[in-house]
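*Asks:* If you want the building blocks of each chain, they are given just below.
Protein chains: 2
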Amino acid sequence: MADLLEPDEALSRVLLAVPPPATVHLPPEDCLGLVLAEAVLACADLPPFDRAMMDGYAVRLVDAGRTVTALDEIAAGDGTSRGALQSGHAHPIMTGASVPAGAEAVVAIEQTTRVGDSVRLPERIRNGANIVPRASECAAGQPWAKAGEIVTPLTLAAALGVHTARLAVHQRPQVAVIATGDELAAAPSQAGQIRDTNGPMLVALLHEAGLAARRQVVGDNAEALLTSLRSLAALDAVVLTGGVSAGTHDEVPGVLSRLGAEVLFHKVAQRPGKPLLLARLGRQLIFALPGNPLAAHLCACRYVLPALRQLAALPHVPVRGRGTLVTALPSNTERTWFLPARVQAGSVMPLPPVSSADLVQPHQANAYIRLSPGAVALPAGTEVDYTRIGADAWAS
Amino acid sequence: MADLLEPDEALSRVLLAVPPPATVHLPPEDCLGLVLAEAVLACADLPPFDRAMMDGYAVRLVDAGRTVTALDEIAAGDGTSRGALQSGHAHPIMTGASVPAGAEAVVAIEQTTRVGDSVRLPERIRNGANIVPRASECAAGQPWAKAGEIVTPLTLAAALGVHTARLAVHQRPQVAVIATGDELAAAPSQAGQIRDTNGPMLVALLHEAGLAARRQVVGDNAEALLTSLRSLAALDAVVLTGGVSAGTHDEVPGVLSRLGAEVLFHKVAQRPGKPLLLARLGRQLIFALPGNPLAAHLCACRYVLPALRQLAALPHVPVRGRGTLVTALPSNTERTWFLPARVQAGSVMPLPPVSSADLVQPHQANAYIRLSPGAVALPAGTEVDYTRIGADAWAS
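These protein sequence lines map, in sequence, to chains A and B. This note's numbering puts the last residue of the first sequence at 670; the count rises by one with no breaks. This note's numbering puts the last residue of the second sequence at 670; the count rises by one with no breaks.
It should be emphasised that the hints constitute simulated quantities derived from the structure, not laboratory data. On a predicted model such as this, the values are computed, not experimentally measured, just so you know. Take the hints with a grain of salt, since some may be wrong.
Pairs involving identical chains hold if they fit within one copy or between any two copies, as the list cannot separate such chains.
[Unchecked claim] No farther apart than 20 Å at their CA atoms in a straight line, the calculated lysine to any residue pairs in the SDA-like style are these:
id, residue 1, residue 2
1, K420, P294
2, K548, G648
3, K548, T607
4, K548, R594
5, K541, E384
6, K420, V628
7, K548, E384
8, K420, D319
9, K548, S621
Construct all of the structure, not just a fragment, from the sequences and the given hints.
*Replies:* Dropping the structure here:
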């Protein structure tokens, strides 16, 4: 086992190989889930004018308890310029509208009595009541969000509210998935052929991480793979599956060498996923995952997603927890074993595959249990540690 | 306050108004995150043939320790029909390939020595070694996934692996967002105009929930809103914002009445979000949210998303927790107050808005604190309950 990298060392090398996050400037609507690369300064006051907080009348304080004359109504979006409000008058005003100069409060419609053009105002009117003063939430030029914050639905709404045309954010990684193998077919027609399951699975894992990945299927053909990789050179990462074991048809290592990519490691002391390979070509990371679906899944969850999250400056440490085994865990051999499991309400149900290619048994996994080399069997009822997988599996 | 619905009663009425989830049949790739409406039966064996688990030689057990003759190689995807393997011979075979009849094990390439066409086999060969027997993971016609399961990346890969063309799943709700208000402008040019912030915010909240919503902006014009709603009649839900208070320009209640929609409630004893309205037209739910952005946010998180999740048969109870106040909480008046907060590592930081329309202060909220009517002020250091919001906020 001396030539195999330990899993923790492999993860360290993956994270070390990730280039610094790139910064792009995007409209706020396109920034959901991305990380702010710079503080955001308000380029306009918020609110941009003294804003009415409810439907009512814009009034002078001296008119409290009096009957005044109703002027024209001010609606939200009304841009008419008006003189300052004089005592003895009141403007009907709608929620969100701009309070006219001179008005010191907005009185709620329920607190008034109107007959024709006459409006009876309440006895007590608080100065500034129901008015949000211009710039009270944020003044133009002031920072209102910090670098490192993740853009939430409220953040993007706030950005639009303060008229921010673009936000400086860390780019969403651009990724392609290539499944390799002559046995892969869109609609298997002959014995020995199987459908590509890894491609859709990896695209789904990336989708859960907020990434839209392109997908290709390439046969065990070095030239085709080379052409494909060259066409994807501008992407941040390429995730290959299949073609990294020692078989004569496993073209990936040779193709990477012809491409000029630097292989950072190949083979990890883990089960499944031993043949994992990581290469780098300029800024691009190339992950070559085994063709075995569960191995591809483990490698994607454990290495690819943390790398892509780090590239987007997102937290990349998965949530860990401890729960009680519902069924026994077998003993382990000499390689670290990542065993799929379903965690629910403190219970941990191991979902060992029937074979290394089995997806049926583990298909509801939301965690992996890590078994150290030589770990002894554990009976049901034992407490074990687990690492969560899935869209909600990342510690903040 | 007698005419206002209590927030818990409002939520009950929302959930009661949700029709039963509809079932559709979709390709596995399109089912990520959806709930299975029926058990899934395998329509082919998995694996579909005795599959080699590694690169090596397909052999007879009687040849252990002998030197045998290498025949033609069997690659993954190779559909050549062959006679049964005879003693004295071995087929080189690749991972994932179909093991020929007669072969009782696959011996790893590292355990053999090859000179020309002669292959020396190891002394001990286990029966069935490195072969995954046909149908051992799942036999054709057998159920391998249950109704109610959420489709994971592994589920869809397993479905493709067992040649399932379509899965019966509960439909992803089809939703549109309509922001109403004459004050809304794409690029504000005159005083009193503001950008639509609610539309993009609601689209983002729905996106976090896995839903792609269409977005429209309609002025305070009953005819335009009516036309718009009629064109969206086929959708599961429409989320309106603005136009539900008592102002003369608030067209929504009148338009809903002309449309023939049944108003299930209007106004809730909560802050923010008092004007919330729920209507139903056939199967369609129509949520009319206040135009105030934070009110729209709270109503979307507390009422709209749980309804849409229930419609998709997904768990719809948000994660709740308890943490320590970092700063003091003010006392509350007579209406239930949902106060945005940021929860991190057991600490709860209230993020009260400067005004009811302020998004800047609360923009990093990932939770709401609920203050009961008349709740007293609480000093920093007090333990409080919170309800999480966001993509990872749903209990499973």
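*Asks:* Indicate, hint by hint, whether the structure satisfies it.
*Replies:* To see whether the hints hold, each was checked on the structure:
1. K420 - P294: Only inside one copy: K420 and P294 sit 19 Å apart there, 43 Å across copies, limit 20 Å.
2. K548 - G648: Within one copy only: 17 Å inside a chain, 61 Å across chains, cut-off 20 Å.
3. K548 - T607: Only inside one copy: K548 and T607 sit 14 Å apart there, 62 Å across copies, limit 20 Å.
4. K548 - R594: Neither, since 23 Å and 40 Å both go past 20 Å.
5. K541 - E384: So K541 and E384 pass the 20 Å test across copies only (16 Å; inside, 74 Å).
6. K420 - V628: between (49 Å within a copy, 19 Å between copies)
7. K548 - E384: between (72 Å within a copy, 15 Å between copies)
8. K420 - D319: Within one copy only: 18 Å inside, 54 Å across.
9. K548 - S621: neither (29 Å within a copy, 41 Å between copies)
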